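Going down the list, the protein sequences come from chains A and B. Here the first sequence is numbered in our numbering, starting from 219 and rising by one per residue. Here the second sequence is numbered in our numbering, starting from 106 and rising by one per residue.
Hints listed in this document are in silico derivations from the structure and should not be mistaken for laboratory results. One or more of the hints may lead you astray.
Just a sample of chain B residues kept apart from chain A, beta carbon distances all over 10 Å, derived [stated by the list, open to error]:
| # | residue |
| --- | --- |
| 1 | Pro114 |
| 2 | Arg115 |
| 3 | Trp119 |
| 4 | Ser131 |
| 5 | Val135 |
| 6 | Ala148 |
| 7 | His170 |
| 8 | Thr181 |
| 9 | Pro185 |
| 10 | Pro188 |
| 11 | Ser190 |
On the chain B side, residues computed to face chain A include the following (Cβ under 7 Å) [as the list claims (entries may be wrong)]:
| # | residue |
| --- | --- |
| 12 | Arg132 |
| 13 | Thr141 |
| 14 | Arg157 |
| 15 | Asp158 |
| 16 | Asp162 |
| 17 | Ser163 |
| 18 | Leu171 |
| 19 | Thr196 |
Ranges between beta-carbon positions, derived for each pair [as the list claims (entries may be wrong)]:
| # | chain 1 | residue 1 | chain 2 | residue 2 | range |
| --- | --- | --- | --- | --- | --- |
| 20 | A | Ser454 | B | Asp147 | 52 to 58 Å |
| 21 | A | Gly429 | B | Arg132 | 51 to 57 Å |
| 22 | A | Ala390 | B | Pro188 | 55 to 61 Å |
A quick note: this is a predicted structure, and the numbers were derived from the prediction, not measured. For glycine and all other residues, C-beta sits at the position ideal for the given N, C-alpha and C.
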Amino acid sequence: MARKVLILLGTKKGTFLFEGDEGRRKWALKGPFCETWPINHVVADPATGTIYAGGGNEWFGPAVWKSEDFGETWTHSSAGLGYAEGETPIKAVWSLAQGDGALYAGVEPAGLFRSEDGGVNWTHVEGLQKHPSRPEWQPGGGGLILHHIVPHPNDARQLWVGISTGGVFHTADGGATWEPRNRGTRNDYAPEGQKYAEYGQCVHSLAMAAGMPDRLYQQNHCGMYRSDDGGREWRSIEAGLPSTFGFPATAHPRDPGTLYLLPLNGDVAGRFVPDAKAAVWRSRDGGDTWQDLRGGLPQENAFFGVLRQAMAVDPLEPAGIYFGTNTGTLYASADEGENWTCVAQHLPPIHSVETLVTA
Amino acid sequence: MTSAGSVPPRVVVWLPPVLVRLFPGSRQRVDVTATTVEEAIDALDALWPGMRDRLCDSTPAIRRHLNVFVEAERATLATPLAPGSEVTVLTAMSGGRGTADASAKSRLRAVDSGAIFRCALHMSCE
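Pulled out of the complex, with its shape left as it was, chain B reads as follows (with noise of 0.2 Å):
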């Protein structure tokens, strides 16, 4: 959270190639103004209405098949933000039907290997 007077901070938020497809004139990295995931994901519906929608779904929540990392460790939309944070926004392999998307996946320069095995789990390849 923010304390009153204090600058909200500015944060670096990473999208995967397949979503920047999506949204004629957005691109990969994105600088915005967050103190949470969620404000992270409504500063990107600001720019590109309906980046929310493609993000999460009703229930609310980050959708099933993608995964959200802050410093390399899976978030939802609650997770804080500190100043300079890194939100990186990763496809899972469960959703693409076979189709990772690699280059996304460099993205993430230090994703622990258990957040790796989780993604994983997830595959279902047709």
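One chain only, chain A, in its complex shape (with noise of 0.2 Å):
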């Protein structure tokens, strides 16, 4: 049976699908599921096609909602899914990842929840918010979010965690203990000499090397970065780039050297593409050089941003690429960056964008 091409947009007004095949030049919209809640991220089990949507809704609060239909009917659940009585409540899942059979998600404020029932049943994971720094992380933009969660693909010990601002934070006991991992990372708005502190980077993208998991790339609110040693040290990739701002930072799914990065003009500038021309930046040696992949995006009158989680790949050869804007507008790319299509537009503001081929 043809394999089919999924890609999964989470958005400030629920979760959309696209469904096509596997030539990814025609697109179905499907949506929107989650009774048009804000959602933050939507991830699939490519082994069985289960889809799951986080977010949380002024009213009804954080959810994890899921589909085992490809988005036909869905459930929601948040059983667990709360700190201590007295604590400041979650208002929002910000991130979903699977890892070592379970299901972990993150949440604002910011920590770490894990379930080992597909989504039912959560229990805090409460190493993280016991590390001696919490009491110092702060909200960005966004809110004190967890917003990326990265497993190691070997040992169901390790795990990596993004938060704002917070920095990245590493276990390698299953999230008893924590260590921040953000040396050579620097914090533009600290004074001068506490700039590159042991935690407290904004940092707005982690994304692991395929088959290398010690390699790690980060796009920071101050900069890019790479660690080849698990994020103990890290080194600036942002030579060659136009600014050292942006979000999302995708790995490709094969070829460990090759990152995927959409800078944008600052935080002061409006967070818009450089010179409202619309680029993706691809590097083929690990960040040392970059090239920009324009054919087919607007080169004039481009005022959108895109956000932490809203640029993905998907599995095949060539890879995929797609990026989805702040001003609702979804692209994609079926030959690995060089020509882009859009695939819609006038969607809800995009906040996250994941790819799912199924079996």
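Can you join these two chains into the complex? Each is in its own frame, and there are hints to help.
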């Protein structure tokens, strides 16, 4: 049976799915789902096709929605998805990831939860909040959010998370204890002498290189970085890029040296694509050199940004790459970024993009 | 509180349609047995598991952008209920991103103007 390719969107007003075939030329829209709740992240289990959508509604609080029939029907749960009595309640789910047979959820205020029954019941991974730095974590523009979860592919005890603003943290014991991994990442908003602190940086995106779990890429509020030792040391890879600011970082599905970024014009200049011309920037050598990819993307009057989780690849050959804008437009490339087409316009602001290729 | 041996009061709970849509099989009018608002919400949760999480946060308290009224007075989880009490759950305009739940609002037949004003204070349309 022909495989289906799905683009999964979390938006300010619900979950949307785009369904196509392996040619990735024509897409059919399904949605909006999840009762038009603000949805921050939508992921899918490639083995089962189960789709999970995490978000939060101002009236009804946080929840993880679930569909086992490609969006036809949905359930929702937040059982256990709460802090202890008296603590600031959870406002929304911001990130989801599968690892070692479990489903993880990152939430606002920043914390991590784990489900072992497919998102029905949740357990707080308390060790992260017990880190001594916790009282000093500060909300970024989107709140105090845990927005990236990167499980180790071969070691169930290891996991990295990205917190705005707390920085990158790593556990090697299944979440019991955590250590900050931010050495070499800059905080331009700290006083002189404190710009390279142990924690407190505003990480925007965290991506693992294919087949190289120790190689991580990071888009930060202040620069782009690469680590070859699991985040213990980071070095800047921003030379050759049009700015040091952006949100998403997306690794190639097979080539550990290939990374995609979408730099914006700066945090106080509108957070638009530079010069109002859209480009995805690709490195084939781990961030040493960069190439701008503009084919088919608007090259005038483009005043949009792309948020933290709103760029993704698919696992096909050649790899497809997708990004959604905060103005509700979805772009896709079926040839690793060389040529782009506009899949949809006039959607709600797009918070996240992920893909699913059915078995 | 209910004295020993007495029958716990039956009360009527009115739910907003936007909440009913989240729980297949639920309905806007629900008759439950409860002596406080919290007991009424727990009774709803027994009927439709997960409904308490939609109405209450972990503080625990009624969610910030929901308003619960008992006989047109704004209530908390601890507010006592008498036999025949009417408990009305309303979504605040502040949580609706500009989409007021007009049909739910019409369920509240005797809200005082002060309560409406307090709802309006939350408004932050986008």
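Is the Cβ of B/Pro114 farther than 10 Å from every Cβ of chain A? 27 Å, holds
Min Cβ distance, B/Asp158 to chain A: is it shorter than 7 Å? 5 Å, holds
Least C-beta distance between B/Thr181 and chain A, which was stated to exceed 10 Å: 15 Å, holds
B/His170: least C-beta distance to chain A exceeds 10 Å? Check fails; 5 Å does not lie beyond 10 Å.
With d taken as the least Cβ-Cβ distance between B/Pro188 and chain A, does d exceed 10 Å? The claim stands: B/Pro188 keeps its Cβ more than 10 Å from every Cβ of chain A (closest is about 29 Å).
Can we trust that B/Trp119 is non-interface, i.e. its beta-carbon lies farther than 10 Å from all of chain A? Given that every Cβ of chain A is farther than 10 Å from that of B/Trp119, nearest at about 15 Å, it holds.
Would the stated hint for B/Asp162 survive a check requiring a Cβ distance to chain A of less than 7 Å? With a closest approach of 4 Å, the B/Asp162 hint holds.
Holds or violated: the hint that B/Arg132 contacts chain A, with Cβ atoms closer than 7 Å. 17 Å, violated
Holds or violated: is there a CB of chain A closer than 7 Å to the CB of B/Thr196? 5 Å, holds
Separation of B/Ser190 from chain A, once the least beta-carbon distance is taken, above 10 Å: 23 Å, holds
Is the hint on B/Arg157 kept, meaning its closest Cβ partner in chain A is under 7 Å away? 10 Å, violated
Run the C-beta distances from B/Ala148 to all of chain A and say if the shortest one exceeds 10 Å. 18 Å, holds
Violated hints for the displayed structure, listed by number in ascending order: 7, 12, 13 and 14.
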